[in-house]
Amino acid sequence: MKRIIMVTGGSAVGKTAFLQATIPYLTSCGQYCCVCKMDCLQSDDQKTYRRLGIPCVTGLSNDICPDHFLVSNLPELWNWATDSKADFLFIESAGLCHRCSPATEKTAALCVLDATASSRSPSRLGPMLTQADAIVITKIDMISQAEREIIAHQVAELNEQAAMFFVDGREGYGAELVGDWLLALPAITTYENDLLRHTMPSGVCSYCVGERRVGSDFQLGVVGKIDFSEAAR
Amino acid sequence: MTNLSILPGKDRVGKAECFDEIRLERGNLYSIVGSTGSGKSRLIKDIEQLVDGDSITGRRILLDGQPVGKERRNRLSNSLIAHLGQNMKFVLDISIEQFIGQHASARGLPTHVRDSLAERVIATANRITQEPIFAELQLSALSGGQSRALMASDIAHICDSPVVLIDEIENAGIDKHEALQALVGTEKLVLLVTHDPHTALMAGMRIVLDHGGIVRTVERDEQEQRLFLELETNYRNQTTLQQRLRRGEHLA
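Here the protein sequences line up with chains A and B, keeping their order. Using this note's numbering, the first residue of the first sequence is number 268, and each one after it goes up by one. Using this note's numbering, the first residue of the second sequence is number 41, and each one after it goes up by one.
Simulated from the structure, these hints should not be mistaken for laboratory data. There may be inaccurate statements among the hints.
Restricting the straight-line Cα-Cα distance to at most 30 Å, the calculated cross-link-like pairs of lysine-lysine (DSS-like) are [to be verified]:
#, chain 1, residue 1, chain 2, residue 2
1, A, LYS373, A, LYS352
2, B, LYS110, A, LYS373
3, B, LYS110, B, LYS228
4, B, LYS129, B, LYS228
5, A, LYS269, B, LYS110
6, A, LYS352, A, LYS269
Just so you know, these numbers come straight off a predicted model, no measurement behind them.
This is chain B alone, in the form it adopts within the complex (with noise of 0.2 Å):
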């Protein structure tokens, strides 16, 4: 697979949306952007689904131009796509040492591959959280911020898909550096749902919604990629203040 393009729907009113195609090549960060019920996790669901004008929205994904039909479309999805989603928790009763062990089995990693995966998975998590995890752990009994970064750190580790889809990475408080880090690879087609400027602004193009439907696409120019800049210096000192005071310092 080297490009996924979307096919226009119909928004929530049932008007069609104006676009011909959005195509989107693997190697790339896209966004998505809009208000609260703006749709946006329903596109995320719609490319996850590989939807072919079945769902709700009638939008049609293609797969290097071409519809995936109904038989192939669980198989497909969960080799191709990677979904990252607003889950805060996980609900198996199983211990993280269980979950990476169960899932690697799941997906068919072979042997060489698994050995000492689960110390690999928890450091990349250990590196997305500050509430440390460790192999024995109950996966229920996992924090939000814990939980959403072993979901990051299982997907960079053991889902070895082409397409990530990231709904809110800023949640949790967890590195958001960090975890897109380890989640964007190398040749990966990356979408990322998000409300936060600096986040939006890393991708070089993104899709606005709006009731609905996709209402227009952005490309990032040359005053955003400055702007890009300035947010960045403004997250860095954010995010150096804010280790500061959970440490108990003076902020001044």
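Isolated chain A (complex conformation) (with noise of 0.2 Å):
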């Protein structure tokens, strides 16, 4: 029995800061947490986790999609989990690409938005944002109540049915309200017959398995073409 929450967004939005603020308040709680930290190359954040003396995994993905490798490691996860009798599983992404959000029906999809970024950014972020279940946004120390509340509002407007929070990691504020929002999260009890929101983008072309050459005579598989047809307009 335990709650697998994804925590996605985009780069720099302060998902680790957020997670270091909230973790402590869970702990506190009497909840046991492990994070699995997802990157595609190199990630110091495991040392942050290992300071909050909580168990923490780094899950490289090398030359895979790091959304793709995420979804395929979920089983490993799970059991990671468990043996570490985990009662919370926080699985941040690496925050590359807004195509996908790689939550399921099962897990808990907790989306991080910087509120420093550009006003047309939530509108940016896709299903991360719009299939999430809590949208938690970051650095409000640095906006005005006024830029707070449009913000707010155009993130309502993406997704109504989200529940919404205001942190300032550095401060710590706001992590409670968002520790009070997990604790009451239904625990599951298996990933079996879990399922993706939403699709992931359809490979596989002839990059993603290595190839360097470019050129339309090296390129096979699932090829996409930029229609340039409203551009001479």
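Take the two lone chains and join them into the complex the hints point to.
Shown next, in the form of structure tokens:
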């Protein structure tokens, strides 16, 4: 019996800082947490989590799409969390492309959004935001109250079902409210029969498997092309 | 809402604050004073968040004598409390006109209020700052003074909140009187963080902080009232001299 939380969001929006503020609160409530950090090339975040005294594993996807890699590793992560006797498993995504969201029906999807990013960034996030169960807006100490209200309104128009939280990872403000929301989530007993909420991009082309040469002759598999008819007008 | 109460918590070293209850009534101005790092902004944050013993200070904020449950807190905080923080910059990449329009729709203002709203917000802001702003300017291009003037005017026109928290109005060289006049309005409860004796004495009562805790409250008495009138004259003289200085005039 545990809860699995997918923490998604763009690069450098404050996913790690948010977890750093929230996990101590859950720990103080008697919950045992562990974290898996997904990344492509390298990550120092493991040290951050070690300092919190909780188990942390880094999943380096290397040449594979990190979101595909994440889903492929869910069974192993489930077993690891079970062996660690964790009440909460947080999976922090790499935060690279915004095409897909690795959230599944059974896991809770939490999307982290940077309050200081462009006002158009919420609408660029796609299923990561529109299908999230909770949206956490970070760095709120950097913006005015009016801007906070505008961002909240924009986000609610894209996903009115999700719970919305404002946090300041540095001061830890707001972490308790998210923590209480996490504690109220139903626990799950198995990952079997779980489904992705949204399909992932369709592969596989020759570049996915290591092709380096540029040119039509070398493009095999699922290949998409830009539509230039719009540009002519 | 007619009043807001602060119940004691503890200071930075864990010592309990020595008061039973500080009750703040609507229609009054209160100031918050203390040296840098004494916990003034933290008190403002506690009030803004309507905390119930769950912040670092352990203080409780009651509305009309009642605590605010966590589920209602976000909503009530937004509708009841407007906060002009120490922020001197906007970060959103939109124009002033878009900002006013989006904030009005986020606040759900009715259409008849939104008619010519941008002109009114900009006109008030231009009374507060000496560097004029206009509808097409990008928010992120505004100077500190312009940003603050717009933030103040936005609170006055768009946020219909009974409680207004102001963190250091005298920053950024804006016109303090114009800004306060726009913000205070009628029947609002205004809390003002300040280091300035003149601003502090505008309030009938001031809350004094030290080491993260509230150490006392001071009522303005008749002597201080007289001092305030003196400071008011000084302030007017200072403002006049400042304007002449900016125009390049000889000051003596």
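Evaluated hints:
1. LYS373(A) to LYS352(A): Holds, because 19 Å separates the two Cα atoms, which is no more than 30 Å.
2. LYS110(B) to LYS373(A): holds, 26 Å
3. LYS110(B) to LYS228(B): Answer holds: LYS110(B) to LYS228(B) is near 24 Å, not above 30 Å.
4. LYS129(B) to LYS228(B): Judged against 30 Å, a Cα distance of about 26 Å means the pair holds.
5. LYS269(A) to LYS110(B): holds, 25 Å
6. LYS352(A) to LYS269(A): Holds - the C-alpha atoms of LYS269(A) and LYS352(A) are around 9 Å apart, at most 30 Å.
Of the numbered hints given earlier, the model fails none.
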